[in-house]
Amino acid sequence: MKRIAALLMALLRDWSRSRETVFFVVLFPIILLVIFSTVFASSAPSFGLVVQNGDIGPGGEPTNLSATFVDRLESIDPLEIKHIDADRNLTEWSRGSDGDSRRVLVLPDGFAEDVRAQSARVRIGIIRDTVARFQDDMNDSERANVQRGLEQAEREIARNATGATLQFYAPPDDQSAAVVRGILSTVLAEFNQRSIGVEEPPVSLESGTIGSAGLTATDYYLPAFIATLVLINGVMTVPGVIAGFHQDGTLKRLVATPLRKRDWILANVLQQSLLALVLTGVMLLVAAVLFGVSAIPSPLSIALVLLGAIAFSALGMTLGCLLPNPDAATSLGGIVAFPMMFLSGVFWEIDIMPETLQTIGRLMPLYQFHRGLRRLLIVGTTDGVWPAFATLGGMALVFVGLAIRLTRWRDFEE
Amino acid sequence: MTTAEGESVIEVSDLRKTYGETVAVDEVSFDIRDEEVFALVGPNGAGKTTTVEILECLRTPSGGSAAVLGRDVTRESRAIKAEIGVVPQSFHTFDRLTVRENVALIRRLYEEGLEVDAVLDELDLAEWAGTPFRSLSGGLQRRTGMAMALVGDPAVLFLDEPTTGLDPDARRTTWEQIDRLAERGTSVVLTTHYMEEVERLAHRAALLLDGSIEAIDTVPNLIDRYGGSIKVVVRSSGEVVGEGSPSEGALRAILDDAATEVYRTKTGDLVGLFEERERAQESYSQLHEHSDGRAIDLVSAGMEDVFLRLAGGTPDARGELE
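Chains R and C, in that order, are what the protein sequence lines are. Under numbering that gives the first Met the number 0, the final residue of the first sequence carries the number 413; numbering is consecutive throughout. Under numbering that gives the first Met the number 0, the final residue of the second sequence carries the number 321; numbering is consecutive throughout.
None of these hints come from the bench; they were simulated from the model. Mixed in with the good hints, there may be bad ones.
To be verified - Quick list of the computed label-pair ranges, beta carbon to beta carbon:
hint, chain 1, residue 1, chain 2, residue 2, range
1, C, D13, R, W385, 57 to 65 Å
2, R, F23, C, N43, 33 to 41 Å
3, C, E111, R, S15, 27 to 35 Å
4, R, L11, C, D116, 19 to 27 Å
5, R, F23, C, E111, 50 to 58 Å
6, C, D178, R, V277, 46 to 54 Å
7, C, E75, R, F23, 42 to 50 Å
8, R, D326, C, S136, 22 to 30 Å
9, C, S136, R, T37, 43 to 51 Å
Every residue gets a Cβ at the ideal spot worked out from N, C-alpha and C, and that includes glycine.
With these hints in hand, go ahead and build the complete structure from the sequences.
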């Protein structure tokens, strides 16, 4: 124990005196936290949409109905509407576009007329249906008058009117196109209802938030940051450091003393665990002071951070043993860490990925770690956190064992 | 320097180390006695470092046996490590820790040992105790390594090429420190390719070539046996002088008649070894008459001559055989 403590102190001192390391491990994540929290807390997402209104009246102005439709679009918060002239060639325009507003909605010529015709046809259909239901209560004369009136109305509707069709164009790599299409569908449904005289829809939707009241965007991003930091520290930083100790002879000097291999492994894992705790504390403090987060770490959440640090730094030590070159070891850590970060649903919902990737993502230890932290820190429940403890605990056991097995204590490569 | 007599602290028998087809250490046997400074001498690649790393329990032997302080190097490594101090050839430690912090760290890894400050004082490191390791000169870094090796109060100290790359002042300081250790009774195992270092420090030496011991004895005995007590050197003129040339033949004949042994170095010098100074002096005078302008020197023999005789050349500053 005395040896582990001595080595732990030496490792911490050596670490704390490296300005570059302290910057990247402590300050850089804090800067990221501040940037992310500021950006996500202060502004809702917005989606650009270019509208080409081709339904121009005789006076050269858009028809009333098409203008009303565009006005409704402009009143939707997430949409940022821009306009292009009705006679502009879309293909040419898209070549010259700066790429910021590449989604286009086209209202065709005759939009208003088509809407009115289709609306009248639907209304007539409704009247016919209503008359059919109540025909037993009508005499022959009344039925004939209604029939004549409906036939006259149908004759006045343009024969070729089939309803208006809007055209929505988006580039193939536009990941927000589906969201914009959804918003447009909602606006269209509302417009269609009103056009046939339904002012108060029979079914409506109200939305709100779930979870603890008063939580900010920062609260929700904190577990993601903490989990990612622990991962990066353990899987990307530790392999390079360990390989560096191999390469420069520091480890060889230590091996020539009575120090045990397991003491070396444990001291390094403990160092990373202490760093993870300090980092978590610093992040919570910064988030509390700057963004007023209300997440208070419980003993269980602290235990989960510790377990994550042990598991990921043990994995890092194992990787550091495989390649004695620090650069190569860091790269190997990156190969392991980056897919985990992208696939585990830490910074975006795992549901937006293809099904196969979702399955892979859910198998990643970072997925469980992040979910467990979110439940403990943000939701404030212990429900569903045990898979995280089991995953990280198993991983810690396996990789501490592997690190002890793979760390060379004799026969160093020169 | 006299030969130390005492019990063996290290016993090596038929020690062998191979890397695939390459034989690094080939059935080497020797012992090192208590309170002795023992030098393993040889050019790069001779097997010196491999041999001492086996004794330091840092490398696994492929065959034979080795015991340090009566303990087997493969089975009792931890007990051995508690009793030895090591300054590896490519020594390095925690860069950003100070000299005192590095030495104190190593002290805490041993159950028993010396006071950190006392060791720093002994090695004249007190002045740099608060300096980070990375800010030290090469000589001071090596001295810090020595302090780290000594702070566990070792019975045997291993110094692998302790002065390679050091300037003359730093080298002299290191020698003085090794002298002090020897006076204190610490057994020192030294690997080096500097012959001057061997003559200056070692009681006994083993000459390693291609993984095998060519000669092992006290340094004076090695010089007597292989170097001769005095030698006459006919320097190479720089021009190629064939062995059959008239002047070369005459010079060689003079040496052959009078010297106990005559050999040619790789640089072309012709060397005659003599047991008696008078005979060497006579030959020196005769050689001058037939020298044909070539320089002729009368010099005392040393380890370099032992090396020349056994290896056919001497190691340069980097340890490569010339």
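Report task. Quick one: which hint numbers does this structure break? Sort them smallest to largest. Result -> 5
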